[in-house]
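Novice: With chain A fixed as given, assemble chain B onto it according to the hints.
Protein chains: 2
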Amino acid sequence: MTAYKALMAFTRDTHALAQIAGRLGWDQETMMPLGATPQRAEEHGALASVLHARRTDPRIGDWLEAAKADDEVAVANIREVRRSYARASKVPANLATEIAKTTSLAHRVWAEARVNEDVAAFLPMLEKVVALRREEALAIADGSDPYDALLADYEPGASGETIGQMFAALRLRLVPLRNAILEMPVPEKLTVVFDESGQLALSEKLALAFGYDKTYGRIDKAVHPFSSGSGLDVRITTRTNPHDPFNCFYSTIHEVGHAAYEQGIDRQYLLTPLGSGVSMGVHESQSRIYENQIGRSRSFTGWLFGQMRDQFGDFGIANEDAFYACVNRVANGFIRTEADEVQYNLHVLLRFDIERALISGDLQVSDLEAAWNDRFAADFGYSIDKPSNGILQDVHWSEGLFGYFPTYSLGNVYAGCLHESLRKAVPDLDTDLAKGDTSKATGWLREHLQQFGGLRTPRDTISHATGAEPSEEPLLNYLEKKFSDLYEL
Amino acid sequence: MTAYKALMAFTRDTHALAQIAGRLGWDQETMMPLGATPQRAEEHGALASVLHARRTDPRIGDWLEAAKADDEVAVANIREVRRSYARASKVPANLATEIAKTTSLAHRVWAEARVNEDVAAFLPMLEKVVALRREEALAIADGSDPYDALLADYEPGASGETIGQMFAALRLRLVPLRNAILEMPVPEKLTVVFDESGQLALSEKLALAFGYDKTYGRIDKAVHPFSSGSGLDVRITTRTNPHDPFNCFYSTIHEVGHAAYEQGIDRQYLLTPLGSGVSMGVHESQSRIYENQIGRSRSFTGWLFGQMRDQFGDFGIANEDAFYACVNRVANGFIRTEADEVQYNLHVLLRFDIERALISGDLQVSDLEAAWNDRFAADFGYSIDKPSNGILQDVHWSEGLFGYFPTYSLGNVYAGCLHESLRKAVPDLDTDLAKGDTSKATGWLREHLQQFGGLRTPRDTISHATGAEPSEEPLLNYLEKKFSDLYEL
Numbered sequence: 065m066t067a068y069k070a071l072m073a074f075t076r077d078t079h080a081l082a083q084i085a086g087r088l089g090w091d092q093e094t095m096m097p098l099g100a101t102p103q104r105a106e107e108h109g110a111l112a113s114v115l116h117a118r119r120t121d122p123r124i125g126d127w128l129e130a131a132k133a134d135d136e137v138a139v140a141n142i143r144e145v146r147r148s149y150a151r152a153s154k155v156p157a158n159l160a161t162e163i164a165k166t167t168s169l170a171h172r173v174w175a176e177a178r179v180n181e182d183v184a185a186f187l188p189m190l191e192k193v194v195a196l197r198r199e200e201a202l203a204i205a206d207g208s209d210p211y212d213a214l215l216a217d218y219e220p221g222a223s224g225e226t227i228g229q230m231f232a233a234l235r236l237r238l239v240p241l242r243n244a245i246l247e248m249p250v251p252e253k254l255t256v257v258f259d260e261s262g263q264l265a266l267s268e269k270l271a272l273a274f275g276y277d278k279t280y281g282r283i284d285k286a287v288h289p290f291s292s293g294s295g296l297d298v299r300i301t302t303r304t305n306p307h308d309p310f311n312c313f314y315s316t317i318h319e320v321g322h323a324a325y326e327q328g329i330d331r332q333y334l335l336t337p338l339g340s341g342v343s344m345g346v347h348e349s350q351s352r353i354y355e356n357q358i359g360r361s362r363s364f365t366g367w368l369f370g371q372m373r374d375q376f377g378d379f380g381i382a383n384e385d386a387f388y389a390c391v392n393r394v395a396n397g398f399i400r401t402e403a404d405e406v407q408y409n410l411h412v413l414l415r416f417d418i419e420r421a422l423i424s425g426d427l428q429v430s431d432l433e434a435a436w437n438d439r440f441a442a443d444f445g446y447s448i449d450k451p452s453n454g455i456l457q458d459v460h461w462s463e464g465l466f467g468y469f470p471t472y473s474l475g476n477v478y479a480g481c482l483h484e485s486l487r488k489a490v491p492d493l494d495t496d497l498a499k500g501d502t503s504k505a506t507g508w509l510r511e512h513l514q515q516f517g518g519l520r521t522p523r524d525t526i527s528h529a530t531g532a533e534p535s536e537e538p539l540l541n542y543l544e545k546k547f548s549d550l551y552e553l
Numbered sequence: 065m066t067a068y069k070a071l072m073a074f075t076r077d078t079h080a081l082a083q084i085a086g087r088l089g090w091d092q093e094t095m096m097p098l099g100a101t102p103q104r105a106e107e108h109g110a111l112a113s114v115l116h117a118r119r120t121d122p123r124i125g126d127w128l129e130a131a132k133a134d135d136e137v138a139v140a141n142i143r144e145v146r147r148s149y150a151r152a153s154k155v156p157a158n159l160a161t162e163i164a165k166t167t168s169l170a171h172r173v174w175a176e177a178r179v180n181e182d183v184a185a186f187l188p189m190l191e192k193v194v195a196l197r198r199e200e201a202l203a204i205a206d207g208s209d210p211y212d213a214l215l216a217d218y219e220p221g222a223s224g225e226t227i228g229q230m231f232a233a234l235r236l237r238l239v240p241l242r243n244a245i246l247e248m249p250v251p252e253k254l255t256v257v258f259d260e261s262g263q264l265a266l267s268e269k270l271a272l273a274f275g276y277d278k279t280y281g282r283i284d285k286a287v288h289p290f291s292s293g294s295g296l297d298v299r300i301t302t303r304t305n306p307h308d309p310f311n312c313f314y315s316t317i318h319e320v321g322h323a324a325y326e327q328g329i330d331r332q333y334l335l336t337p338l339g340s341g342v343s344m345g346v347h348e349s350q351s352r353i354y355e356n357q358i359g360r361s362r363s364f365t366g367w368l369f370g371q372m373r374d375q376f377g378d379f380g381i382a383n384e385d386a387f388y389a390c391v392n393r394v395a396n397g398f399i400r401t402e403a404d405e406v407q408y409n410l411h412v413l414l415r416f417d418i419e420r421a422l423i424s425g426d427l428q429v430s431d432l433e434a435a436w437n438d439r440f441a442a443d444f445g446y447s448i449d450k451p452s453n454g455i456l457q458d459v460h461w462s463e464g465l466f467g468y469f470p471t472y473s474l475g476n477v478y479a480g481c482l483h484e485s486l487r488k489a490v491p492d493l494d495t496d497l498a499k500g501d502t503s504k505a506t507g508w509l510r511e512h513l514q515q516f517g518g519l520r521t522p523r524d525t526i527s528h529a530t531g532a533e534p535s536e537e538p539l540l541n542y543l544e545k546k547f548s549d550l551y552e553l
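From first to last, the protein sequence lines stand for chains A and B. Take 65 as the starting number for the first sequence in our numbering and just add one per residue. Take 65 as the starting number for the second sequence in our numbering and just add one per residue.
The hints are simulated quantities; they were obtained by calculation from the structure and are not laboratory data. There could be a bad hint or two in this list.
Said to hold, decoys possible - To list a few chain B residues with every Cβ distance to chain A over 10 Å, as calculated: (1) D330; (2) L334; (3) S363; (4) D438.
Stated by the list, open to error - Stretch by stretch, here's where chain B covers chain A in the computed footprint (C-beta under 8 Å, at least three residues): (5) 79-87; (6) 90-102; (7) 272-280.
To be verified - Under the rule of at most 25 Å between Cα atoms (straight-line distance), these lysine-lysine pairs were calculated in the DSS-like manner: (8) A/K165 to A/K154; (9) B/K545 to B/K504; (10) B/K192 to B/K165; (11) B/K192 to B/K450; (12) A/K278 to B/K285; (13) A/K545 to A/K192; (14) B/K488 to B/K499; (15) A/K165 to B/K69; (16) B/K285 to A/K285; (17) A/K499 to A/K450; (18) B/K165 to A/K69; (19) A/K504 to A/K278; (20) B/K546 to B/K253; (21) B/K278 to A/K285; (22) B/K545 to B/K488.
Fair warning: this is a prediction, and the values are worked out from it, not measured in the lab. We put the CB at the ideal spot given by N, CA and C, even for glycine.
Pulled out of the complex, with its shape left as it was, chain A reads as follows (with noise of 0.2 Å):
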């Protein structure tokens, strides 16, 4: 067997062990009965050591030496497994077993925290997980800046100088949008109760019109959605709120994006490490194109108005026009996850300066509530009226998750790239989508962006798409054209 052959075959085993964590995860969040948590948690661990001595096996750095790449699939595979490698290799094992355990702990501290309104509480638990990610960037980063180190973990090949610019460049455009349509007459909201199996039924067949393919995955409930899994098993959860089913719908639409960029990519890269999403920005590219560009689209919204007409009847929305202005309300509001297109990017932007600065050391702990209130009054207008609206909103820190933000926003940049080109490919796109018929959208993003799994570095997956380097430019005009129609700013 060839060196190159031996990596493979190895490395097959570690993603299907992999998958199996996975899985795991999912069961804890949709199946598993809520006394087995202290059992559950020694099986991950068990699983978690067993991935690790894999992924640090010595024996990779002799295949890694000896391999020959014969095409491009296979010069991609070595590419990636010799990431993973060089990052898990230096990161020492007592490190690694030190930010399990603490940030394990961190995340009970600051959900007990964030329901008791105790910012002092996480603090310390804070300045800790922050050290210890830092020292753990510091050895990954081998004297370049370690923010980038952490970054890499979920979108390769990006730096903190590039995405500051990027986003600098959004900031200039999105308050000024946000300020403008925040002066206009607020749409109305939803009013009635939707029932929860009918919410359930709707939310199922905007998964199928999404294309989410049942054979390979199934729908759950759970309390905040999320998408697992890769190759032939993706399964999928959503959940209700008799208040607002759009949280329902929209949820459903964003997890499908993600399922249907996995069940998109070519089969021949099962359990390789080009068989899953590439990075976190391109997977949230998916998610959000499907939900926002897509699903909040005019014409997909005035088909969705007559779905929920036929299953709930009259729910106080007069018309199309109306229910579109209502799908796409922005409204002040403290929550990242709850927020509209406009303002997301907001929050996304914030995080981002913030965590950065923590972790090059210009911004120290006791001084981060401070920092996020100022920030918060100044793109918003208005100050945060407690810690669970502020910086005890989000459980991505908790978790040592330093370098995750910005991936959401840069999703959304992509998402305003490919959505670009899919209009210049399809025309006429919105004769479809007004008839709940996807999948010249869908077909397009599968043909040009999600078979190929991590075969591309992320910019080149985005750049081979669309023909262009990614910028935030498509995505402002998108933005700034719709709401402007929309508010008639």
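Specialist: Chain B alone, transformed into the frame defined by chain A:
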């Protein structure tokens, strides 16, 4: 760290990984999308390799040599690890792989042959399976009886000879009992249709009535009911049939018996070699005593009759006595899994004698069908009409599970012993059972058997609970009394 502590820490992770493998099996039978099958096979394979490597890790040999046992728990742990390590180490890795591959293939060939009633299509595959398992048995047996080596996987310490004597004694009294019953008028059957939601609701009520704890488990539907998992996560499944709600109810009670054993084991044994049921026979004793001696008793069926009337209204059975006769109806049939308490063991005895002869070499696979059909006619008095009612009815042999069948009847024998002791300890049990209260029965079983898990050998587990060596007498006495009364023999 002492050698014993190091051994136990290593073993704990292995048990945690084995729990994960079990949960994957549960997922496959209840939740997994059909299209995921090939990927799941690779995931299972990867985890099986990890488990095999851990179970044959040479460090276990070193630890075992150096380990000192300070108490009976440590003695039992070392005994169990030594047994597992010796067994795993004696089988060459390539033979283990060959068996896994062949049985996986044979399982598919069997399923197809069964549908097509095509014995000839299955026999060459079965021949391979028998040859491989014989080779394995000879490797483990080291000169002793190879069938006992296989038996030890399911019932450590048992021998084909002892079981053979016990089963011969069973057959001597069961055949005449069966013949006498079948000369009497057959009780009436259920004839109406029972809706699925009502069956599932009452099935859950029954599970809870038998003490199943949903904080540490859950109930789902599956084609073939099973219980899976140990410790804090023990899940059961059931099934429904519109014409036969007893299938649902007694499958549930049966699986609750298995689950109660796992849920009842002392928590100090969690994820250790003592943390799950000690053998298949002892496991089956719990499922059978829940299902039969308790669940099919006159007193408990009296309560169940009322529950069914509440759930389904008048379903055509006039009173408690007629219902008791209906539940315990004995009639001609070909299928083991559908057999009543009396005939079930005759099905098992037939398989035991035949598989023992296959493994010893006294019976050739080419003569298998004739041997089966002759024995069936001798014990049951009529002939097999088609292979799916004969040698193709069970999955076990295609999966290489030789030595498994006898544990079913061993479980019934053990249940007979336990039931005799239980009735002595709780003389007024029927008063409670008539109210649907099983707590004194399940409490006695938990206190005298379930809590000990793998602490004692299987036989010692039973004799510790009953104060006597296991014997077939109590089961035979119980069956003769119950069915003589019921059929007025």
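Novice: A cut-off of 10 Å on Cβ-Cβ distance, and B/L334 was said to be off the interface with chain A. Does that hold?
Specialist: violated (7 Å)
Novice: Measure nothing beyond the straight line between the CA atoms of B/K285 and A/K285; if it is 25 Å or shorter, mark the hint as holding.
Specialist: It holds: about 18 Å lies between the C-alpha atoms, which stays within 25 Å.
Novice: Are 3 or more residues of the segment 272-280 of chain A near chain B, judged by a Cβ distance of less than 8 Å?
Specialist: Per the Cβ count (4), the hint holds.
Novice: Checking a non-interface call: every C-beta of chain A should be farther than 10 Å from the C-beta of B/D330. Is that right?
Specialist: holds (14 Å)
Novice: What's the verdict on A/K545 and A/K192, does the C-alpha distance respect the 25 Å limit or exceed it?
Specialist: violated (45 Å)
Novice: Tell me if the straight-line CA distance from B/K546 to B/K253 falls inside 25 Å.
Specialist: holds (19 Å)
Novice: Is the nearest Cβ of chain A still more than 10 Å from the Cβ of B/D438?
Specialist: Nearest chain A Cβ is 46 Å from B/D438, so the label holds.
Novice: Need the status of pair A/K499, A/K450: alpha-carbon distance at most 25 Å?
Specialist: violated (44 Å)
Novice: Is the Cα-Cα distance between A/K504 and A/K278 25 Å or less?
Specialist: holds (20 Å)
Novice: Taking 25 Å as the top limit, are the C-alpha atoms of A/K165 and A/K154 close enough?
Specialist: The hint holds at about 19 Å.
Novice: Are B/K488 and B/K499 close enough, with their CA atoms no more than 25 Å apart?
Specialist: holds (20 Å)
Novice: Check whether the Cα positions of B/K278 and A/K285 lie no farther apart than 25 Å.
Specialist: OK: B/K278 and A/K285 at ~19 Å, within 25 Å.
The structure is inconsistent with the numbered hints 2, 13, 17, although it conforms to all the rest.
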